[in-house]
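Protein chains: 2
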Amino acid sequence: MRQLTIRYPNGQIYHQGSSNLCKNHKPKNDQVVFGNRGMPLEDEINLSNLFYLQNDLAVIHKKPIPIQIVQVDYPKRSAAVIKEAYFKQASTTDYNGVYHGYYLDFEAKETQSQTSFPLNNFHDHQIKHLRACTKQGGICFTIIKFVSTQELFLLPAKILYNYWDQQSTGRKSIPKNVIAENGFTIKYGFQPLIPYLEKVDLLIKQSPEKRS
Amino acid sequence: MRQLTIRYPNGQIYHQGSSNLCKNHKPKNDQVVFGNRGMPLEDEINLSNLFYLQNDLAVIHKKPIPIQIVQVDYPKRSAAVIKEAYFKQASTTDYNGVYHGYYLDFEAKETQSQTSFPLNNFHDHQIKHLRACTKQGGICFTIIKFVSTQELFLLPAKILYNYWDQQSTGRKSIPKNVIAENGFTIKYGFQPLIPYLEKVDLLIKQSPEKRS
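Same order as they appear, the protein sequences are chains A and B.
By numbering that gives the first Met the number 0, the letter at position 202 of the first sequence is numbered 201, and the numbering carries on one by one without gaps.
By numbering that gives the first Met the number 0, the letter at position 97 of the second sequence is numbered 96, and the numbering carries on one by one without gaps.
Bound-form chain A, shown alone:
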């Protein structure tokens, strides 16, 4: 199979490698997965989730990209080949899973901006999904990476909701200082590469209990 640069309809590059990487490049406890600073955030999160999974710390997966399949060939003695398919808009966020009995739901977003996080990184349906999960007692957030400075933050979804709702009358981005003050700074680690569950622990402490 040839490997090409594949783009979403919006032009964003599709990182084919992510899930292959999970399958073929499982870091064991004694392997170094540190220093991949040029990696897309998605791959960094996937590696971190693999570490969490292998160490029984959490079960969090990236959802596959939704595809509308139109035509499939079934060649004899070889795998079925999808010959025509289209990208569909996802109705949820990219990541969800379970951690210490809590449902986690989040998006991971990179920005080239140096001073703020543009809200057009989100679609309306993603915010709607996060809100529905929050309402059900899920722990919802965004992991934001400022690429130019390699800074990482975990931003609680409620801050995102506030800015999202004020878009029509207010600004169209969340200032970095607001993210830093209201979110949690994540430092790149060793194992996992992005130790975001430490910050999820803090977020859980802030969240009201929703079990009935």
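Errors might be hidden in some of the hints.
[What the hints assert, rightly or not] Short derived list, chain B residues pointing at chain A, Cβ under 8 angstroms: (1) Val-58; (2) Pro-63; (3) Pro-65; (4) Ile-66; (5) Val-80; (6) Asn-95.
Hint data in this document are derived by calculation from the structure and do not stem from the laboratory.
Cβ coordinates follow ideal geometry from the N, Cα and C atoms, glycine included.
Model the placement of chain B on the given structure of chain A, informed by the hints.
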């Protein structure tokens, strides 16, 4: 776009309609979605999940089918077309989500068998995934449909684990009477079509609390 009968590599029919159905055929509260007894279980569950979502009762989605994309065309002025792609094995179950603060994770399986549920309906990685989720305090189960009698059961994952582990020395299926005695019978309903969350409530009562 043409609609063809699409099959998984194992020959099972891929129900293209499921997610379209969710998008284009949203039942409102006053619409009847009852009586679709010939529907695949997947579509029945998807409709039920849509009802739960629209009524703020739970947020549960079917995961997209994982696809390995090899070639994509970008025609001018029209949507990107995937020209070559392959089915990948999923590393998780089909359904997960959040309900009253609980993480739910399950598979939905149909069987033509009249007396037992064959364990070869499951892959090892799905059992492994369910076990990992159970360990993290998730509520894990299977919804089993006996097609010939249209009977539905919610089977707690722990029963599945027991039979799975005894496969090498014991039987390769779970007898229907074991499912009926250890699981919960689900009666087809009106709205939702499959009111499985009522049985999840009972399962939660049986499950030890895992939050830390």
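Numbered hints the structure breaks, given as an ascending list: Those not satisfied: there are none.
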